[in-house]
Amino acid sequence: MNKPILLVEDNEDDVILTMRALKKKNIMNEVVVASDGVEALELLFGTEEKEALVPSLILLDLKMPKMDGLDVLKAINENEQTKMLPVVVLTTSDEEDDMVKSYRLGANSYIRKPVDFDRFLEAVGQLGLYWLVLNEGLPKD
Amino acid sequence: MMTDVKAQNMAIGKKTYELNYLNELFQSIQKTAKIGVWELNITTNEVYSSDLVIEIHELPKGSELNLADGLDYYHPDYRPIIEEAIDKAIAQQEAYDLELILITAKGNHRWVRAIGFPVLDGDKVIALRGMFQDIHQKKRLEVKEKTSRETLELFVAHTPAAVAMLDTNLHYLMASNRWYTDYELEGQDIIGKHHYDVFPEIRKMPHWIKDHQDVLKGKVIRNNEDPFIREDGTKQWLKYEIYPWYNSLGEIGGIGMFTEDITEDKIMIEKVRKSEERLNSVFQNSSIGMTVVSTDGRFLDVNPSLVKMLGYTKEEFLHLTFQEVTHPDDLKEDMDKVQAMIDRKIDTYEMEKRYFHKEGQTIWGQLNVSASYNEKGEVDFFISQIQDITLRKNIEEERAKIQETLEQEVQKRTVELEATNKELEAFSYSVSHDLRAPLRSINGFSGAIIEDYSHLLDQEGKSYLNRISGAAERMGSLIDDLLDLSRISRRQLVRQELDMTLLTQEVVKSLNVPEHFEIDVEPNLKLNGDPKLIRIALENLLGNAIKYSGKIENPQIKVSGLKEGDRTIIQIRDNGVGFDMNYAAKLFGAFQRLHARSEYEGTGIGLATVQRIINLHGGRVWAKSKPGEGATFYFTTKSSYE
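Taken in sequence, the protein lines are chains A and B. By the count of my numbering, the first sequence reaches residue 289 at its end, each step adding exactly one. By the count of my numbering, the second sequence reaches residue 628 at its end, each step adding exactly one.
These are computed hints drawn from the structure, not numbers from a lab. Hints may be right or wrong, so weigh each one.
[What the hints assert, rightly or not] Below, simulated EDC-like cross-link-like pairs (lysine to aspartate or glutamate); rule was C-alpha separation at most 16 Å, straight line:
(1) Lys173/A - Asp438/B
(2) Lys172/A - Glu437/B
(3) Lys173/A - Asp266/A
(4) Lys211/A - Asp420/B
(5) Lys20/B - Glu50/B
(6) Lys379/B - Asp316/B
(7) Lys211/A - Asp158/A
(8) Lys518/B - Asp245/A
(9) Lys211/A - Glu411/B
(10) Lys379/B - Glu338/B
(11) Lys171/A - Asp438/B
(12) Lys549/B - Glu508/B
(13) Lys20/B - Asp120/B
(14) Lys518/B - Glu244/A
(15) Lys173/A - Glu437/B
(16) Lys171/A - Glu437/B
[What the hints assert, rightly or not] Some chain A residues close to chain B (C-beta under 10 Å, calculated; not the full set):
(17) Asp161
(18) Lys172
(19) Leu269
Backbone N, C-alpha and C define an ideal beta-carbon position, used for all residues, glycine too.
Go ahead and model the full structure; you've got the sequences and the hints to work with.
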């Protein structure tokens, strides 16, 4: 329970709502927010000043400025260190294409953000339970 | 006495001289006339015969003849005739004149004429006296003449031409067999008959009657074609020559006619003339240009249409060759074909070629060439027909240009359309993503307020917030449906044979149908279509059926197929609220609804989506209903024209 959740999301509203949903579902992990792809990769791969973050779960939005979610996914998948991290793609898009691409790039789950927030809450809760509780997660090293 | 005797002697001498003279005269007359004389003394049966009689019998000179010997010299066939004649002459004093055959002492047969008459003493016959003449020569001539006449008649009869000979009275003497056949006189005996009795119609032809009279005066008349109007009205064309014939005295003996029936020739000539006339009339009046061209290309004749087409006068044409008025780009092909005609490799040719008008403009012509050949089989001259196809060619060119422009335009449009499609895709993506995000915020934060701060709100405030989140949700559905609709249009159709029974059952399962619904799906239902699209169509149609029969007590939905030729019509029948057919036209339009939202939920895009899917398949979708009596939706995935 001590490993953080990395939320890659550029929409501030969605960040608030997601955090609220996680809280509602009693997922008490620290949530680290990256507001775009570049920032997310910096966190994951680390920088000179900062050590690489090893989250228990990455919640990844697809449509973002600078570097979009698919590119982030690709980078995570190509890197040996991050390859095994569970990634759940959260997106507003219901393009079939995006979903196929996401799974092909190693996404573990794909959740469409519904307009109905209750349903979103439900979905986030489900996936939180699964990835954080049922699926023990990866050992730290 | 002496004187008397002397005188008497002198008188006797004179008489003797006279007698001798007379005798000599008589002899020479006999000789000249070849007439012998004889006399038979009946009482003594002595016969006096002149020398000529002896000579005719070819007896030695000075021989004597008695009656019995004389009769023996006659040919046995003629002996009874002469014996009877002599008996009659004596008994009945009748003279005779007979032509008989004598067999001479040397055995030669010889025609003789024997004339005898009685010599009377009172009323008693004392002698027979007569003449005897050699007529052999004359007889032979007669026979010869008769033979040659018969030969002539035979010759005339078999002449392979219509020939006739008339006497001066125009009575027939002779006519060839051909005369009988040409004038249909077979079986008639016309010899001796008058020409105008044989052909009464001539009496109505005064010019012929005059001709006959002229010929009898020595004129010869020839005519190469003269109609002979026959009694029955038919026209017989004759070519003839009529001429006088002369007897041995040099007098006109009558008319000779030589005729030839040329009716058939005449008809043929007339036919040829008419056909030539027609041809010429075609040549002159044809709307197609026509020309006669020599083997080296000179115009020998041109018709008015060609004059009009190319602007040259006929005179100018006759000083031109076709090469001079042919566009250089078409000349080689034309010349090659002309050579092939001359070499007899081809008999005709046609080509579309360009000519130059006198004013310089190009005239497109459809050229058809044939040839006339001489007796050696070489091309004598060409006959060309030239049709002005300039207008057609211009239209074709124009059309080709338009076609080209059109193709370019289509290509340009396709590129534009592809770009637009890409833009649209990008737009749709943005819409689905960006448009939904604020909705999610609206909805999410409304929910958060209700959950976290509802104790600060009264009932009305809560209901407002609920309305806000409801509206946001609907707008989300609208966006989703619109995106679906636009995605369908962009989709490439993948046709395959579908198990509609299975597909329908899967869709029904996914729709979470309330338990009280009775859904009946026909087994083994097959349809040709795109599996994903047909599934979406079924989702919408079944979704509607469920929605609009949800308020009925025993809702029933039946899915079945109907065979029509080689296509299947799928029917989805419900027993729900139905609709008024007056609004059927609005049914398949986007955002069109027949029911209030408060009654039945929906975005009004479902049936528009169905219609788009069916249209993509080239099929048809339609519905039948009555308010309160349920509705049936039908669709096919194949046009009825396939």
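Going down the list of hints, with the structure as the test:
| no. | hint | result |
| --- | --- | --- |
| 1 | Lys173/A - Asp438/B | holds, 14 Å |
| 2 | Lys172/A - Glu437/B | holds, 11 Å |
| 3 | Lys173/A - Asp266/A | holds, 12 Å |
| 4 | Lys211/A - Asp420/B | holds, 9 Å |
| 5 | Lys20/B - Glu50/B | violated, 19 Å |
| 6 | Lys379/B - Asp316/B | holds, 15 Å |
| 7 | Lys211/A - Asp158/A | holds, 8 Å |
| 8 | Lys518/B - Asp245/A | holds, 15 Å |
| 9 | Lys211/A - Glu411/B | holds, 15 Å |
| 10 | Lys379/B - Glu338/B | holds, 10 Å |
| 11 | Lys171/A - Asp438/B | holds, 13 Å |
| 12 | Lys549/B - Glu508/B | holds, 13 Å |
| 13 | Lys20/B - Asp120/B | holds, 7 Å |
| 14 | Lys518/B - Glu244/A | holds, 12 Å |
| 15 | Lys173/A - Glu437/B | holds, 14 Å |
| 16 | Lys171/A - Glu437/B | holds, 13 Å |
| 17 | Asp161 | holds, 4 Å |
| 18 | Lys172 | holds, 8 Å |
| 19 | Leu269 | holds, 8 Å |
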